[in-house]
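Now for the letters of each chain:
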Amino acid sequence: MLTVAQDSRGAETAGEWIRAARPEHPALIDRTHRVAALYGMVNVPSSVWIDERGRLVRWGEVAFVDNRWQAYTKSDMEPYLAGLRDWVRRGAASPFALTPAELRRRLSGPSPEHALAAANFRMGQELHARGAAVDAVAYFKEAQRLHPENWRYKRQAWQLTDAERYYGTSFGAEVAKLGGRPYYPPLDLPSVE
Amino acid sequence: MDTTVIVADLAARLRSAGGPDGLWVSAADAQRVGGWELGPEGACQGSRCVPLPLGVVRDGLLDLAGLARYLGQPVVHDSTNDVWVIGESADDLREGLGSLEAPDFTLPDLEGRRHRLSDYRGAKVFLVTWASW
Numbered sequence: 001m002l003t004v005a006q007d008s009r010g011a012e013t014a015g016e017w018i019r020a021a022r023p024e025h026p027a028l029i030d031r032t033h034r035v036a037a038l039y040g041m042v043n044v045p046s047s048v049w050i051d052e053r054g055r056l057v058r059w060g061e062v063a064f065v066d067n068r069w070q071a072y073t074k075s076d077m078e079p080y081l082a083g084l085r086d087w088v089r090r091g092a093a094s095p096f097a098l099t100p101a102e103l104r105r106r107l108s109g110p111s112p113e114h115a116l117a118a119a120n121f122r123m124g125q126e127l128h129a130r131g132a133a134v135d136a137v138a139y140f141k142e143a144q145r146l147h148p149e150n151w152r153y154k155r156q157a158w159q160l161t162d163a164e165r166y167y168g169t170s171f172g173a174e175v176a177k178l179g180g181r182p183y184y185p186p187l188d189l190p191s192v193e
Numbered sequence: 194m195d196t197t198v199i200v201a202d203l204a205a206r207l208r209s210a211g212g213p214d215g216l217w218v219s220a221a222d223a224q225r226v227g228g229w230e231l232g233p234e235g236a237c238q239g240s241r242c243v244p245l246p247l248g249v250v251r252d253g254l255l256d257l258a259g260l261a262r263y264l265g266q267p268v269v270h271d272s273t274n275d276v277w278v279i280g281e282s283a284d285d286l287r288e289g290l291g292s293l294e295a296p297d298f299t300l301p302d303l304e305g306r307r308h309r310l311s312d313y314r315g316a317k318v319f320l321v322t323w324a325s326w
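Protein chains in written order, with my numbering: chain W, 1 to 193; chain A, 194 to 326.
Some hints here could point you the wrong way.
[To be verified] Computed, partial: chain A to chain W, Cβ under 7 Å:
1) D202
2) N274
3) L303
[Claimed, not checked] Derived EDC-like pairs: lysine to aspartate or glutamate, alpha-carbon spacing no greater than 20 Å straight-line:
4) K317(A) to D162(W)
5) K141(W) to D271(A)
6) K141(W) to E113(W)
7) K317(A) to D86(W)
8) K74(W) to E174(W)
9) K317(A) to D51(W)
10) K74(W) to E142(W)
11) K177(W) to E164(W)
12) K317(A) to E294(A)
13) K177(W) to D135(W)
14) K317(A) to E142(W)
15) K141(W) to D162(W)
16) K141(W) to E164(W)
17) K141(W) to E102(W)
18) K317(A) to D297(A)
By construction, these hints were calculated from the structure, which means they are not laboratory data.
We put the beta carbon where it would ideally sit given N, CA and C, even for glycine.
If we strip away everything but chain W, and leave its shape as in the complex, we get:
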């Protein structure tokens, strides 16, 4: 298991959580959200299963360790975690290991707007890191506009500079805007006896 913190302030904000968890796995810190950009992740937690040869097995799913966030996930994590254990035991024979065709179907490649959003988000991070926090806001807003489904762009920006003051919104208000639509894409797992 590898965990990766998507935190622009790095150890300053992620460190206390890692120290409290006393992890036995590598707990990495990703100040620029590089992993999320490479893997097309729009929220946390997002998971990827990778086999011994470095090939993708499952991609881009919400992964909590229990059901305490079920109001947001609308997914039961139990079968997901059971599936993970099954794949660890059985590898490619596990019904939870996706076929290349199914995996390709699920990989929603970024559009040019999404790629431009990523560059704007990176600019916002760079400007914030060098002390130009107010200059950064316009780029974070542009990233949010170009890729509205990307919650990373919103939630990270709201942590860096006050959401209500600079973005005129809040997490609760944005979630309410979803109406009935899911906050996380629902899990799509095989039914196993």
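Position chain A relative to chain W; hints supplied.
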């Protein structure tokens, strides 16, 4: 003032590059910052070579931003702070995942030790992101 150029997530500093109409850099900086090797027939980045479009070479300088746009890469420029971001094109990102090969990265842990995803070849990896926000 120094110009900061971020290409594929990596930041580099240049001594006053740019100008109002592009990100004009020397051949040496094109190599250092963008990985571009200039030749008579075009520019090569590793094994990938492209013919240079009109208007991106002038007086021995290369417009890195113009070349990036020509290749479909997003370019964002903040003139106040003199920072350029050249991102990956949607096509490149799509191909990266479409190969079904896990895109590689290197990141530090809390103690500063660097971990490369591909160092874990031979073991199954459950990769999961989280955040303090």
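Verification of the supplied hints:
1. D202: holds (5 Å)
2. N274: holds (5 Å)
3. L303: holds (5 Å)
4. K317(A) to D162(W): violated (40 Å)
5. K141(W) to D271(A): holds (14 Å)
6. K141(W) to E113(W): holds (14 Å)
7. K317(A) to D86(W): holds (12 Å)
8. K74(W) to E174(W): holds (17 Å)
9. K317(A) to D51(W): holds (5 Å)
10. K74(W) to E142(W): violated (29 Å)
11. K177(W) to E164(W): holds (16 Å)
12. K317(A) to E294(A): holds (13 Å)
13. K177(W) to D135(W): violated (27 Å)
14. K317(A) to E142(W): Judged against 20 Å, a Cα distance of about 38 Å means the pair is violated.
15. K141(W) to D162(W): OK: K141(W) and D162(W) at ~13 Å, within 20 Å.
16. K141(W) to E164(W): holds (13 Å)
17. K141(W) to E102(W): violated (34 Å)
18. K317(A) to D297(A): It holds: about 15 Å lies between the C-alpha atoms, which stays within 20 Å.
Consistency note: the structure conflicts with the earlier hints numbered 4, 10, 13, 14 and 17.
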